[in-house]
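**Student:** For the protein sequence lines, the chains are A and B, in the order given. For the first sequence, this note's numbering assigns the number 388 to the initial residue and increments by one for each residue that follows. For the second sequence, this note's numbering assigns the number 19 to the initial residue and increments by one for each residue that follows.
Derived by calculation from the structure, the hints in this document are not laboratory data. Predicted model only: the values in this text are computed from it and were never measured. You can take every hint at face value.
Taking lysine-lysine and the DSS-like style, the derived pairs with C-alpha atoms no more than 27 Å apart in a straight line are:
1. A:K407 - B:K229
2. B:K127 - B:K86
3. B:K378 - A:K419
4. A:K460 - B:K127
5. A:K498 - B:K229
6. A:K390 - B:K229
7. A:K419 - A:K466
8. A:K459 - B:K86
9. A:K436 - A:K491
10. A:K460 - B:K117
11. B:K117 - A:K459
12. A:K491 - A:K433
13. A:K491 - B:K229
14. B:K378 - B:K110
15. A:K460 - A:K400
16. A:K426 - B:K378
17. A:K491 - B:K55
18. A:K419 - B:K110
19. A:K433 - B:K295
20. B:K113 - A:K460
21. A:K407 - A:K498
22. A:K436 - B:K226
23. A:K426 - B:K286
24. B:K378 - B:K406
25. B:K229 - A:K426
26. A:K436 - B:K229
27. B:K86 - A:K460
28. A:K498 - A:K433
29. A:K459 - A:K407
30. A:K419 - B:K113
31. B:K300 - A:K426
32. A:K433 - B:K226
33. B:K229 - A:K466
34. A:K426 - B:K226
35. B:K226 - A:K407
36. B:K295 - A:K407
37. A:K491 - A:K466
38. B:K55 - B:K27
39. B:K226 - A:K491
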Amino acid sequence: MMKGRTISPGTAKGKAVVSKEPIGFYGGINIKTGVVIEKGHPLEGKNIKDKILVFPCGKGSTVGSYVIYGLKKNGVAPKGIINRETETIVATGAILAGIPCIDKIDIDQIKDGDTVVLNADNGTVEIVH
Amino acid sequence: MYLTQEEEKILHGEQGEVPERMLRLLVQLGEIFEADKMIPVGSVQVAGVSYKSIADPGTEFLEDLASKGAKVRVLTFLNPAGMDLEDWQTLKFPKNFAKNQLRIMDAFKSMGIVITATCTPYLAGNLPRFREHIAWSESSAISFSNSVIGARTNREGGPSALAAAILGKTPNYGFHLWENRQPNIQVNVETDLTFDADYGALGYYIGKQVKNKVPYFTGIKNADTDQLKALGAAMAASGAVALYHIDGLTPEADLVRKDHLEVITVTKRELDEAYAKLNTGKEPDIVILGCPHASLREISAVAEKLKGKKLRKPVWVCTSRMMKEAAERMGYSDIIEKAGGHIVADTCMVVAPIEDMGYKTTGVNSGKAGNYLPGFCNQNVCYANLDKLLEAAT
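Using the sequences provided together with the hints, build the complete structure.
**Tutor:** In structure tokens, the structure reads:
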């Protein structure tokens, strides 16, 4: 069990999609499908829909908050977000969209495909083996 | 976080639903990032304007706020739209796209936001002063105002900037505090930077290296504000750089602590590597300049080079309506149009639906555009300096 900081409350359980590189939601993820479109990104071509999306921090455009909100409205958002350090852009998007999100987590402990229980109300992350 | 009596009242809904919702968002952000209080902001820049970027969910979000009487309290400018708001028909922007884009503009206007539609508000009439607290979105404008002007803003998301505009306040954390404006990595530039494209390539490379750090540059001499605009925009796109300092050039460089920093070095090799990475295409179908929006100096340079020339391929120079007006007065627009090019206002190659307009390969000299075009606009990119790009189009 890892303990972090609550960015946006709520709970979620799902398969982790893990990126070692930062994610820029605007220009990086298709708002209608949830597929990662940034060329050369380690997650290029993967779908983040209903996944627990794990990445170190955000990057790029400030429109990213709207993309996160739009993903949720379009039904293709991740179930939860786990960061090493969440910045304002991702935090704003997660709060508006109501996606559980926590940061200050040692994301190296989470492997791609792990089943993860995210409790953003308590600020905890558990990997189910 | 300490809240004033007035702020408490807003949270209890005494000023209506919109201020309550917006303040709730800001207080949540303030609690997360350990702000001690809310502080007044001098101005706001709102991003998330193009219909292509925010789509139906964003449009409905804005229309909902507008219909509930949302009004901004401070000078608020707007990012580029998805099309030239006046010449969209001539430039063959799709009709349905235009209809939705105009809905978005109406919503912003009814909130009292100045519908400037530019990513360079500091060239168009929204100019903060040194140490002024502001709440800006638009990653390149944040970088410019923090670094070149020395104003203070976090990297606001589109909606958090809008909330700050409606309240006239932002939570006091991050780059509003002097301790967080200190550099945490040093970049020694050991190669000559000649063209604006060199600054874009350097920024593209460094953004990927330093991610969300605050770099302190040495070895950059005599860069003008257009080149600093190009450098900062690229770092904010390939990374999350909100603030940089340059030895001898930027206002806080002499004031910050710069001992014991991790050092990275950029030589011609790294710059060439960045050019190679940015170049994913061969022959451009179209050349698009002005990312971030071209200054008058950049427009005049294009006009100078196109004097008496005939273009084989379209060349767009993206800029603000204000710069376009001045370019028309000075005859630059005439020269560019006679050669077969266009000055396109209010929009840019990234937020316009160019992939739906038949273009496959775009020539650019902007590291920011080179970063976004392949994924978001499905374009191959020819990355080169202005002379080479115009040569490829004539």
